[in-house]
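Asks: Could you build all of it, start to finish, from the sequences and the hints given here?
Chains as they are written, first to last, in our numbering: chain P, 1 to 222; chain S, 223 to 444.
Read the hints as simulated data drawn from the structure, not as lab findings. Warning: the hint list may mix true and false statements.
Some chain S residues judged to face chain P by a derived CB distance under 8 Å, without partners named [what the hints assert, rightly or not]:
{"hint": "1", "residue": "L410"}
{"hint": "2", "residue": "G435"}
{"hint": "3", "residue": "V436"}
So these bits of chain P aren't anywhere near chain S, every CB distance computed over 10 Å [to be verified]:
{"hint": "4", "residue": "S17"}
{"hint": "5", "residue": "A62"}
{"hint": "6", "residue": "D140"}
{"hint": "7", "residue": "G156"}
{"hint": "8", "residue": "D190"}
{"hint": "9", "residue": "G193"}
Backbone N, C-alpha and C fix where the C-beta goes; we use that ideal spot for every residue, glycine too.
There are 2 protein chains.
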Amino acid sequence: MHVVVNAATSADGKLSSRDRSQVAISGAEDFERVDELRASVDAVMVGVGTVLADDPSLTVKADDRVLEREARGDSPQPARVVADSRARTPPEAAVVDDSARTYVLVASDAPGDRRAQLRGDTTEVVEAGSERVDLAAGLDALESRGVADCMVEGGGELLFSLFDAGLVDELTVYVGSMLVGGRDAPTLVDGDGFTEPDFVDLALEDVSRVDDGVLLAYDVEN
Amino acid sequence: MHVVVNAATSADGKLSSRDRSQVAISGAEDFERVDELRASVDAVMVGVGTVLADDPSLTVKADDRVLEREARGDSPQPARVVADSRARTPPEAAVVDDSARTYVLVASDAPGDRRAQLRGDTTEVVEAGSERVDLAAGLDALESRGVADCMVEGGGELLFSLFDAGLVDELTVYVGSMLVGGRDAPTLVDGDGFTEPDFVDLALEDVSRVDDGVLLAYDVEN
Numbered sequence: 001m002h003v004v005v006n007a008a009t010s011a012d013g014k015l016s017s018r019d020r021s022q023v024a025i026s027g028a029e030d031f032e033r034v035d036e037l038r039a040s041v042d043a044v045m046v047g048v049g050t051v052l053a054d055d056p057s058l059t060v061k062a063d064d065r066v067l068e069r070e071a072r073g074d075s076p077q078p079a080r081v082v083a084d085s086r087a088r089t090p091p092e093a094a095v096v097d098d099s100a101r102t103y104v105l106v107a108s109d110a111p112g113d114r115r116a117q118l119r120g121d122t123t124e125v126v127e128a129g130s131e132r133v134d135l136a137a138g139l140d141a142l143e144s145r146g147v148a149d150c151m152v153e154g155g156g157e158l159l160f161s162l163f164d165a166g167l168v169d170e171l172t173v174y175v176g177s178m179l180v181g182g183r184d185a186p187t188l189v190d191g192d193g194f195t196e197p198d199f200v201d202l203a204l205e206d207v208s209r210v211d212d213g214v215l216l217a218y219d220v221e222n
Numbered sequence: 223m224h225v226v227v228n229a230a231t232s233a234d235g236k237l238s239s240r241d242r243s244q245v246a247i248s249g250a251e252d253f254e255r256v257d258e259l260r261a262s263v264d265a266v267m268v269g270v271g272t273v274l275a276d277d278p279s280l281t282v283k284a285d286d287r288v289l290e291r292e293a294r295g296d297s298p299q300p301a302r303v304v305a306d307s308r309a310r311t312p313p314e315a316a317v318v319d320d321s322a323r324t325y326v327l328v329a330s331d332a333p334g335d336r337r338a339q340l341r342g343d344t345t346e347v348v349e350a351g352s353e354r355v356d357l358a359a360g361l362d363a364l365e366s367r368g369v370a371d372c373m374v375e376g377g378g379e380l381l382f383s384l385f386d387a388g389l390v391d392e393l394t395v396y397v398g399s400m401l402v403g404g405r406d407a408p409t410l411v412d413g414d415g416f417t418e419p420d421f422v423d424l425a426l427e428d429v430s431r432v433d434d435g436v437l438l439a440y441d442v443e444n
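Replies: So this is what it looks like as structure tokens:
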């Protein structure tokens, strides 16, 4: 599967502030770019931490992009994917509403009652891994359901796991012209972190000014 | 005083990895840029955490730049400044050797024996603040000693305190094409962090490719 990570950070690498509140990092031009990117893929993925913090719908917002998807024979909306080892996604979360198909990737240890609450006409609970979601197996399971490309929007814990497993092909980061600060604020790539010589090597493919910030596009050299 | 912060981070905003080991983020071209920047200022400043982790000398490396400084009537080397509330700089640290003048900014609570060990022909201990260094007072004390402009190289705790106090005029960040990751790894701006609406606003002045990364230059809108 082709995996593109897309995220917006402050100039000091933060996805949000220490209190996990959503920060308006990018502007209207970047919003359109992200909507276009969502419209171009089979699935949009986030970690459960992002669902709990921001309650995103992950849907394509522009009607013309939805119509273009239908015109080329795709579903109106890309599928949503939540990496959610313990099935903590609230049943009332926007990401599991009926506006698009949703796959919740859970570990086999995830409580059965919470899985049952999530299952529905448009939501499938997909098991991959035992204690934590095995992301490689999860992406394989999605691929067998017709997902050939996936855009991942965060957060930092999921991104670390994906990079650590060598599953990411491209990274685009919008760097907003602001500083958030905080040793405990979520960053683009959190998790345990890498140490020498296991840092992830990137190749800078494109640099462009967007809104009042800059968009950096990288290929990931796995 | 005119204060410029210059630092190198990974694409995920990290100054180093979780084990605090120094990470080679930039390359030869950026090294020359930083050496030139050091040669252009009256003082180069770091926090004591950076001294303890990296033992930097903070000196200008290129002989021709040293000669240029002397030719215009400056000291051969810019002064070094350590923000060091409790006087933890080791007396054997490179930053307090005799290759340049050094000011160690300490709080009045800092132990007298450690201050005494640091004092020397080229090292002055400057008191500013009681429990922690009062950076505004510290910069004023430096200004009265002839320091009109200062370049700050980190780390993230000092940078947070400087931005929090509104003391920074410019920020240049070299963003290396790599991911370091780690929720506990040092970032460009650590400390307690800012929350809405107190984020630091930046104005992106220049974007340029340097080595295999990108250099972002900002004005700070205090």
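Asks: Confirm or reject each hint.
Replies: Quick rundown of the hints versus the structure:
1. Taking 8 Å as the C-beta contact cut-off toward chain P, the hint placing L410/S at the interface holds, the least distance being around 4 Å.
2. Here the hint on G435/S is kept, as its CB sits about 6 Å from the closest CB of chain P, short of 8 Å.
3. At a threshold of 8 Å, the smallest CB-CB gap from V436/S to chain P is about 5 Å, leaving the interface hint in force.
4. For S17/P, the shortest C-beta to C-beta distance to chain S comes to about 5 Å, within the 10 Å cut-off, and the non-interface label is violated.
5. Against the 10 Å criterion, A62/P stays outside the reach of chain S, whose nearest CB is about 27 Å from its own CB.
6. Distance check on D140/P: its Cβ is at least 24 Å (rounded) from any Cβ of chain S, clearing the 10 Å threshold; non-interface status holds.
7. Against chain S, the non-interface label of G156/P is violated: not every CB pair exceeds 10 Å, the least being about 7 Å.
8. Once the 10 Å rule is applied to beta carbons, D190/P is inconsistent with being away from chain S; the minimum gap is 4 Å.
9. Here G193/P does not stay apart from chain S, with its beta-carbon only about 2 Å from theirs, under the 10 Å limit.
The structure shown violates the earlier hints numbered 4, 7, 8 and 9.
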